[in-house]
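Number of protein chains: 2
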Amino acid sequence: MSDVSEYSPPIGHLVDLPERWRKSGHRGGVMWFTGLSGSGKSTLALALEKQLFEDGFHTFVLDGDNLRHGLNSDLGFSPEDRGENIRRVGEVAALFASTGLIVLTAFISPYRTDRDLARAAAGDGFQEVYLDPGLDVCERRDPKGLYRKARAGEIPEFTGISAPYESPTAPEIVVDTGAVTVEESVKLLRDHVARIFSVGETA
Amino acid sequence: MSDVSEYSPPIGHLVDLPERWRKSGHRGGVMWFTGLSGSGKSTLALALEKQLFEDGFHTFVLDGDNLRHGLNSDLGFSPEDRGENIRRVGEVAALFASTGLIVLTAFISPYRTDRDLARAAAGDGFQEVYLDPGLDVCERRDPKGLYRKARAGEIPEFTGISAPYESPTAPEIVVDTGAVTVEESVKLLRDHVARIFSVGETA
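Here the protein sequences come in this chain order: A and B. The first sequence: position 9 = 1 (the numbering used here), numbered continuously. The second sequence: position 67 = 59 (the numbering used here), numbered continuously.
Pulled out of the complex, with its shape left as it was, chain A reads as follows (with noise of 0.2 Å):
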């Protein structure tokens, strides 16, 4: 019989932070992407994983196809559940960010209170990135069809056509993706993340 006393949990986790940061050479935090349809959010998101991961860093995208179909896959698209889906967003991001992750989130997140809960939750590593290569670039490039069919009223409240896109007032980084190659992006991207999440940077 083992001692009764010592299976009483102890407050909080015996590994901190820093040991985490310090273990995987970076410090952890979410590269929050946010602007319209086609902006190249996800296209972004996915090409600088891939970057930093070569890099040696510790990172993960968080998008529509791995959330709504599982975590999120009992919330629909009213306004209430959209909002549910940014919370838990945030919340996982910074969950994430917890553990030591650089976590890279791609939703249009068009509202600045649910930017600014998920900046809340995750703390001083909350990097907001505003991709921003202006409407009409969004719905030349179209590339599912979402554009269309909103012009023709098919789908109702479509940010930047028939709902708001609220522009970020201070986010830490700007790329206008109508005039910058992926490419290019993600080199700039990738500059970002090696100055703001290094070990030694106090952020």
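Calculated from the structure, these hints are not laboratory results. None of the values given here were measured: they were computed from a predicted structure. Certain hints may be false.
All copies of an identical chain are treated as equivalent in the list; a pair is satisfied when it fits inside any one copy or across any two copies.
[To be verified] Derived DSSO-like pairs: lysine-lysine, alpha-carbon spacing no greater than 30 Å straight-line:
| # | residue 1 | residue 2 |
| --- | --- | --- |
| 1 | K136 | K179 |
| 2 | K15 | K42 |
| 3 | K15 | K179 |
| 4 | K42 | K136 |
| 5 | K141 | K179 |
| 6 | K179 | K42 |
| 7 | K136 | K15 |
Given chain A's structure and the hints, the job is docking chain B onto it.
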């Protein structure tokens, strides 16, 4: 102006899971601790996390402390909310595993259907860890004074007293934490992790 078409996102991640495993030196997965209150779930998960971290594994504990205040702060303690709490834990654990982490979850999770959902979400790397010192040991420990309150009728539907605990039918590992010390239990679990999550292993 960048090529309009190059910002169409690729299908899926550009870094696949085996690449992540090779880099970290181990597979990702879920060690799902289940058992009565006082059975040692948090104690062992936190102690194992520390040991695995020192051994070079990428690992993280998900427990009530880091989920109830964030992601699951909208949930109460009704049967529906408890179910939803465990569903989200299972989905988040699966997400963590898909980054290559070994996630250790510490929740009573008394219902088989809930644990089976978590297993389904995580797939191959799911390991059910049943801590079974028996009710009498848990009640004698009573680290939070909850059994006393439950016996006094101050807590309704308390698992093991006035609500059921459905024992795992085929757990991957069982530890009698009434007979085995914390140190011995950690050694046992560490050996299990090293064997199951080795890169060479085909789970």
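Going down the list of hints, with the structure as the test:
no., hint, result
1, K136 x K179, "within (26 Å within a copy, 52 Å between copies)"
2, K15 x K42, "both (21 Å within a copy, 13 Å between copies)"
3, K15 x K179, "both (25 Å within a copy, 22 Å between copies)"
4, K42 x K136, "within (23 Å within a copy, 46 Å between copies)"
5, K141 x K179, "neither (34 Å within a copy, 59 Å between copies)"
6, K179 x K42, "within (12 Å within a copy, 36 Å between copies)"
7, K136 x K15, "neither (41 Å within a copy, 34 Å between copies)"
When each numbered hint is compared with the structure, violations occur for hints 5 and 7.
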